[in-house]
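Let's have the full structure, built from the sequences with the hints guiding it.
Just so you know, the sequence shown maps onto residues 272 to 413 in the working numbering.
Derived from the structure by calculation, the hints contain no laboratory data.
Errors might be hidden in some of the hints.
Stated by the list, open to error - Restraint ranges, calculated between C-beta atoms of paired labels, are given here:
#, residue 1, residue 2, range
1, Glu-312, Glu-413, 15 to 21 Å
2, Met-272, Thr-385, 29 to 35 Å
3, Glu-312, His-348, 20 to 26 Å
4, Pro-332, Ile-360, 16 to 22 Å
5, Ala-398, Gly-310, 16 to 22 Å
6, Lys-290, Leu-327, 16 to 22 Å
7, Val-308, Ala-403, 16 to 22 Å
8, Pro-369, Gln-294, 30 to 36 Å
9, Leu-354, Arg-309, 19 to 25 Å
10, Glu-413, Leu-354, 17 to 23 Å
11, Glu-413, His-335, 37 to 43 Å
12, Gly-367, Ser-293, 29 to 35 Å
13, Ala-398, Val-308, 19 to 25 Å
14, Ala-398, Lys-357, 29 to 35 Å
Cβ atoms here follow ideal geometry from the backbone N, Cα and C, with glycine treated the same way.
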Amino acid sequence: MTIRLRPHHLLCMLTYVGKGYSQAFTDNYDRIIERLVRGEEIMIGEGPDEICQPLLETDAPHCHNDSVMERDAQALHDVGQLLGQKLQIGDRVTIGYPTLESFRQAFVDGITRTACSGCEWFELCTAVSANAYSGVKLRVAE
Numbered sequence: 272m273t274i275r276l277r278p279h280h281l282l283c284m285l286t287y288v289g290k291g292y293s294q295a296f297t298d299n300y301d302r303i304i305e306r307l308v309r310g311e312e313i314m315i316g317e318g319p320d321e322i323c324q325p326l327l328e329t330d331a332p333h334c335h336n337d338s339v340m341e342r343d344a345q346a347l348h349d350v351g352q353l354l355g356q357k358l359q360i361g362d363r364v365t366i367g368y369p370t371l372e373s374f375r376q377a378f379v380d381g382i383t384r385t386a387c388s389g390c391e392w393f394e395l396c397t398a399v400s401a402n403a404y405s406g407v408k409l410r411v412a413e
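Here is the structure:
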């Protein structure tokens, strides 16, 4: 199977510790993280993705906001730079140990944090990354 993620969720997954907008949201996110841990491939999608699903059932989900679309564009650029290629919607990536570690180090170094500007989870993600990613759900074997 393939997991469809919008670009900025490539960053969010790095610091996910089980907190979210609702119980339905975190339950869904936990299932997606389990799939990532099993090595499922990610297809980079446009707009709301599998992580957004529970929010789409609420009134006025922020998943369609221009600010979120801008966050996606910036993340697509920054992650592409990190991987040494121009990432595009529809591209596929797999998150193995070396890739995850390089993503996390770039996050700590601020290389991929531009997309996080203005995000309500910024402080939590900063604290998680500053604490050596202690408690994160996404762990892959070396």
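request  = Take a look at whether the Cβ-Cβ distance between Pro-369 and Gln-294 falls inside 30 to 36 Å.
outcome  = With a Cβ separation near 34 Å, Pro-369 and Gln-294 satisfy 30 to 36 Å, so the hint holds.
query = Could one say that the CB atoms of Glu-312 and His-348 fall in the range 20 to 26 Å?
reply = Roughly 21 Å apart at Cβ, these two residues keep to the hinted range, so it holds.
request  = Kindly confirm whether 16 to 22 Å is satisfied by the beta carbon distance between Val-308 and Ala-403.
outcome  = holds (19 Å)
task = Evaluate the given range 16 to 22 Å for the C-beta pair formed by Ala-398 and Gly-310.
result = violated (28 Å)
task = Note whether the CB distance of Glu-413 and Leu-354 lies within 17 to 23 Å or breaks it.
result = Holds: the Cβ-Cβ distance is about 20 Å, inside 17 to 23 Å.
ask   = Falls inside 16 to 22 Å, the C-beta gap from Pro-332 to Ile-360?
value = holds (20 Å)
task = Determine whether the Cβ-Cβ distance between Glu-312 and Glu-413 falls within the hinted range of 15 to 21 Å.
result = For Glu-413 against Glu-312, whose Cβ atoms are near 19 Å apart, the range 15 to 21 Å holds.
request  = Please test the hint of 29 to 35 Å on the beta carbon pair from Ala-398 and Lys-357.
outcome  = holds (32 Å)
query = If you check the beta carbons of Leu-354 and Arg-309, does the distance land in 19 to 25 Å?
reply = holds (22 Å)
ask   = Does the Cβ distance between Ala-398 and Val-308 fall inside 19 to 25 Å?
value = holds (23 Å)
ask   = Is 37 to 43 Å a correct range for the gap between the Cβ atoms of Glu-413 and His-335?
value = holds (39 Å)
request  = Note whether the CB distance of Met-272 and Thr-385 lies within 29 to 35 Å or breaks it.
outcome  = For Thr-385 against Met-272, whose Cβ atoms are near 31 Å apart, the range 29 to 35 Å holds.
The structure fails hint 5 only (numbered hints given earlier).
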